[in-house]
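Chains as they are written, first to last, in full-length UniProt numbering: chain A, 1 to 473; chain B, 1 to 218.
Calculated directly from the structure, the hints in this document are not laboratory data. Just so you know, these numbers come straight off a predicted model, no measurement behind them. Don't take each hint at face value.
[Unchecked claim] Below are the DSS-like pairs computed for lysine-lysine, each with C-alpha atoms no more than 30 Å apart in a straight line: (1) A:Lys-256 / A:Lys-245; (2) A:Lys-261 / A:Lys-165; (3) B:Lys-43 / A:Lys-165; (4) B:Lys-178 / B:Lys-67; (5) A:Lys-325 / B:Lys-75; (6) A:Lys-46 / A:Lys-56; (7) A:Lys-163 / B:Lys-75; (8) A:Lys-168 / A:Lys-46; (9) B:Lys-178 / A:Lys-163; (10) B:Lys-43 / A:Lys-46; (11) A:Lys-397 / A:Lys-9; (12) A:Lys-15 / A:Lys-191; (13) B:Lys-15 / A:Lys-46; (14) B:Lys-178 / A:Lys-15; (15) A:Lys-191 / A:Lys-397; (16) A:Lys-354 / A:Lys-397; (17) A:Lys-15 / A:Lys-245; (18) B:Lys-75 / A:Lys-46; (19) A:Lys-56 / A:Lys-325; (20) A:Lys-245 / A:Lys-261; (21) A:Lys-168 / A:Lys-325; (22) A:Lys-46 / A:Lys-191; (23) A:Lys-15 / B:Lys-67; (24) B:Lys-15 / A:Lys-325; (25) A:Lys-56 / B:Lys-43; (26) A:Lys-9 / B:Lys-178; (27) A:Lys-9 / A:Lys-261; (28) A:Lys-46 / A:Lys-15.
[Claimed, not checked] What the simulated footprint calls covered on chain B by chain A, stretch by stretch (three residues with Cβ under 8 Å from a Cβ of chain A suffice, anywhere in the stretch; the number is not a length): (29) 71-80; (30) 131-141.
Yeah, the Cβ is synthetic: ideal placement off N, Cα and C, and Gly gets one too.
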Amino acid sequence: MSEGTLYDKVWDRHKVTRLPTGQDQLFVGLHLVHEVTSPQAFGMLKERGQEVAFPKRTHATVDHIVPTGNRDRPYRDEAAESMMAELEENVRGSGIEFSDPDSGDQGIVHVIGPEQGLTQPGMTIVCGDSHTSTHGAFGALAFGIGTSQIRDVLATGCVAMEKQKVRKIEVTGELGEGVTAKDVILTIIGKLGTDGGVGHVYEYAGEAIEDLGMEGRMSICNMSIEGGARAGYVNPDETTYEWLKGTDAFADDPEKFERLKPYWESIRTDDDAEYDDVVTIDGSAIEPTVTWGTTPGQTAGITEPIPDPDDLPEEDRDTARRAQKHMRVEPGDTMEGYDIDVAFLGSCTNARLKDLREAAAFVEGREVDDDVRAMVVPGSQRVRDAAEAEGLDEVFKEAGFDWREPGCSMCLGMNDDQLVGDEASASSSNRNFVGRQGSKDGRTVLMSPIMVAAAAVTGEVTDVREMEEVATV
Amino acid sequence: MSSPEFSDGEAPAEKVTEVSGTGIPVRGNDIDTDQIIPARFMKVVTFDGLGQFSFFDQRFDDDDNEKDHPFNEEKYRGANVLVVNANFGCGSSREHAPQALMRWGIDAVVGESFAEIFAGNCLALGVPTVTADQEDIEALQDYVEANPDAEVDIDVAEETITYGDTVIDATVHDAQRKALVEGVWDTTALMGANEGAVRETARSLPYVPAEHIPGDEA
């Protein structure tokens with residue numbers, strides 16, 4: 001049993017009571033809502049004649065189905081229009097604040113929470129989306145829930161949960177040139193497996209994590225779920241506080257910042273905390289890392305050979321064989337040189353301003369390969385506006401990228417942004433599952449934003465370190 | 001098993017102590033929820049009618065021709081016990097996945113291991129996720145394949161799976177077992193009963209201003 005970790009402390013502060021099932025009832029500090037997983041929950045609430053218990057601790061946006069091109073209402077896609085209309089009705093009828101496309105604040109739910117300062121250390125945060133783990137970057141306890149649990153939260157302001165084990169993942173050393181947070185998390189999942197984190201919460205620590213900005217920490221926490229861990233977090237520190245100071249929540253209210261800071265400090269993991277498990281990873285040994293298969297755990301450093309399924313643990317062999325057949329890769333080869341048709345820079349993992357800056361710095365003066373369709377989908381309207389103010393949109397457009405409106409887009413292909421046929425994509429998103437990007441024959445290679453930029457330019461998976469002038473921002 | 005009746009937020013009394021019926025095996029580790037129900041079928045505002053889309057892209061090719069998949073096989077028609085392998089239900093948190101399986105007719109899922117959010121979503125629907133050793137699961141899959149009409153009995157309370165002359169030691173996670181066996185898996189009603197304690201917890205948190213607590217507004 002862990003003791004004295006941020007997880008233990010935040011859990012205890014939010015525990016309402018022990019339920020007869022043996023689960024704990026936890027108060028939810030922030031409930032984020034989007035259009036795909038919430039309508040049925042609102043429906044169930046209505047059926048029971050109940051109201052939203054804590055509308056002011058609830059915030060909505062639209063991201064999954066929203067078009068990233070023409071956004072005139074009604075949306076051309078009738079199903080998307082009806083989901084949007086349903087969300088509008090549900091949130092407006094309940095007094096829930098809604099970052100809709102007209103507000104200028106719309107975006108992917110895991111981008112807008114942190115940028116508006118809704119996400120704060122020491123909170124419990126839930127959303128009907130598995131990538132809610134993103135918010136753990138701020139030292140919050142954040143996890144994805146299903147629709148019935150959304151009903152629970154809407155109706156009671158609480159979730160029923162069992163406490164999990166805490167695994168500390170210490171990433172030591174300094175990351176090398178061209179190596180980013182995305183490479184760190186792909187390496188972690190590759191090492192611990194897609195189910196390695198089941199039953200665990202991941203605490204990310206160590207020099208390499210502390211050196212990261214908030215964007216990098218978010219990328220890492222975001223993909224905790226791909227390693228089976230429902231939540232992951234980083235202890236709050238000065239980097240966290242600097243970010244918070246610039247958000248809507250605190251920019252005009254320094255007093256509130258000072259008032260809450262002692263709480264944030266108090267929930268940091270104690271020096272003598274006990275973990276259920278500690279894993280150490282040498283950050284300086286991490287290379288730019290990509291996936292070769294169809295799970296986020298099937299990864300290799302860019303110079304590493306794709307494994308022979310026969311050399312893998314028995315339980316991984318079948319999955320690896322099927323994955324290699326689908327991806328059309330051979331054991332012993334590296335992923336370098338793998339032809340790509342699409343470059344997708346976007347998603348809740350990697351579509352923040354820093355991601356766009358790094359990719360733009362790389363593509364400036366370069367051109368997208370003739371055989372590649374490349375798109376940038378900023379994570380939010382604010383990210384898009386800030387990027388445009390810096391001229392990043394022009395850099396991308398001049399290089400041949402499509403510059404789009406914010407949303408989840410081709411990460412899961414619920415709008416028009418989809419792979420076609422057996423297209424291969426270099427993607428900064430989080431899942432390479434078969435069919436994930438909208439085509440069941442599509443092939444996804446996950447990588448960092450600068451690796452996506454490099455692949456867009458060369459038309460193949462490329463070691464960004466071998467290109468001239470590696471971008472560092 | 002039928003859908004529970006809800007009334008005035010009271011917990012349904014339905015207890016899920018056992019599930020019996022015929023089995024259907026879906027083999028493979030890491031079967032994610034995008035495979036169980038592709039995202040394009042989630043452009044809906046109710047869960048009605050999702051059953052037919054279970055494993056859709058595994059079952060049909062681009063021209064809507066049937067592919068080899070247990071959910072297409074006549075011999076498994078009417079099966080209600082799904083038998084899977086490791087890390088089933090990983091990936092997206094979409095409750096649409098267990099909703100689709102339940103509406104297809106699945107009343108229980110037996111496997112080597114499950115992704116957590118998926119298992120939680122199943123529990124919210126009163127669908128047990130029962131685990132057993134790899135060897136036992138594979139033997140059960142073989143048995144079901146050879147005997148699609150034979151009964152498989154899951155005893156949730158006793159944590160056993162019985163088929164033919166075989167009894168497997170299974171595991172149903174403690175909280176899940178208690179919730180199902182005692183019929184207290186409607187957590188909305190359970191937690192709704194503690195309204196006063198919830199407000200007290202909210203008040204104790206420095207980041208929750210009084211105006212965010214209904215009733216406490218100045």
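Hint-by-hint comparison with the structure:
1. For a cut-off of 30 Å, the pair hint linking A:Lys-256 to A:Lys-245 stands: about 10 Å separates their Cα positions.
2. This hinted pair checks out: A:Lys-261 and A:Lys-165 have alpha carbons roughly 27 Å apart, not beyond 30 Å.
3. About 35 Å separates the Cα atoms of B:Lys-43 and A:Lys-165, which puts this hinted pair outside 30 Å; it is violated.
4. For the suggested pair B:Lys-178 and B:Lys-67, the alpha carbons sit about 40 Å apart, so the restraint of at most 30 Å is broken.
5. A distance of roughly 29 Å separates the Cα atoms of A:Lys-325 and B:Lys-75; the hinted pair therefore holds under the 30 Å criterion.
6. With a CA separation close to 19 Å, the supplied pair A:Lys-46 and A:Lys-56 stays within the 30 Å bound.
7. This hinted pair does not check out: A:Lys-163 and B:Lys-75 have alpha carbons roughly 42 Å apart, beyond 30 Å.
8. Distance restraint check for A:Lys-168 and A:Lys-46: the Cα-Cα separation of roughly 42 Å exceeds the 30 Å cut-off, and the hinted pair is therefore not satisfied.
9. Simply put, B:Lys-178 and A:Lys-163 have alpha-carbon atoms about 16 Å apart, close enough for the 30 Å limit, and the pair holds.
10. As the CA atoms of B:Lys-43 and A:Lys-46 are separated by approximately 20 Å, the hinted pair is consistent with the 30 Å bound.
11. Pair hint A:Lys-397 plus A:Lys-9 does not hold up; C-alpha atoms about 47 Å apart against a cutoff of 30 Å.
12. Among the hinted pairs, A:Lys-15 with A:Lys-191 is inconsistent with the structure: their alpha-carbon atoms are about 33 Å apart, more than 30 Å.
13. A C-alpha spacing of about 25 Å is found between B:Lys-15 and A:Lys-46, which places the hinted pair at or below 30 Å, so the restraint holds.
14. Among the hinted pairs, B:Lys-178 with A:Lys-15 is consistent with the structure: their alpha-carbon atoms are about 20 Å apart, no more than 30 Å.
15. Distance check on the hinted pair: A:Lys-191 and A:Lys-397 sit about 37 Å apart at the alpha-carbon level, beyond 30 Å; violated.
16. In summary, the hint linking A:Lys-354 to A:Lys-397 is supported, as the alpha carbons are separated by about 18 Å, within the 30 Å threshold.
17. With a C-alpha separation of about 28 Å, the suggested pair A:Lys-15 and A:Lys-245 falls inside the 30 Å cut-off, and the hint holds.
18. With a C-alpha separation of about 40 Å, the suggested pair B:Lys-75 and A:Lys-46 falls outside the 30 Å cut-off, and the hint is violated.
19. Between A:Lys-56 and A:Lys-325 the CA atoms are separated by roughly 50 Å; this puts the pair beyond 30 Å, and the hint is violated.
20. Taking the CA atoms of A:Lys-245 and A:Lys-261, the gap is near 11 Å; set against the 30 Å cutoff, the hint holds.
21. Between the alpha carbons of A:Lys-168 and A:Lys-325 the distance comes to roughly 35 Å, so the proposed pair goes past 30 Å and is violated.
22. With a C-alpha separation of about 45 Å, the suggested pairing of A:Lys-46 with A:Lys-191 is violated against the 30 Å cut-off.
23. For the hint linking A:Lys-15 to B:Lys-67, the alpha-carbon distance of about 49 Å lies beyond 30 Å, and the restraint is violated.
24. For a cut-off of 30 Å, the pair hint linking B:Lys-15 to A:Lys-325 is broken: about 45 Å separates their Cα positions.
25. Restraint check: the Cα-Cα separation between A:Lys-56 and B:Lys-43 comes to about 27 Å, which is no more than 30 Å; the hinted pair holds.
26. For the given pair, A:Lys-9 sits about 26 Å from B:Lys-178 by alpha-carbon distance, which is consistent with the 30 Å threshold.
27. Simply put, A:Lys-9 and A:Lys-261 have alpha-carbon atoms about 15 Å apart, close enough for the 30 Å limit, and the pair holds.
28. Restraint check: the Cα-Cα separation between A:Lys-46 and A:Lys-15 comes to about 27 Å, which is no more than 30 Å; the hinted pair holds.
29. Counting residues of the segment 71-80 of chain B whose CB falls under 8 Å from any CB of chain A gives 0; the rule of at least 3 is not met.
30. Given as covered by chain A, the segment 131-141 of chain B fails the check, having 1 residues with a CB less than 8 Å from a CB of that chain where 3 are the minimum.
In summary, the structure is inconsistent with hints 3, 4, 7, 8, 11, 12, 15, 18, 19, 21, 22, 23, 24, 29, 30 from the numbered list given earlier, while agreeing with the others.
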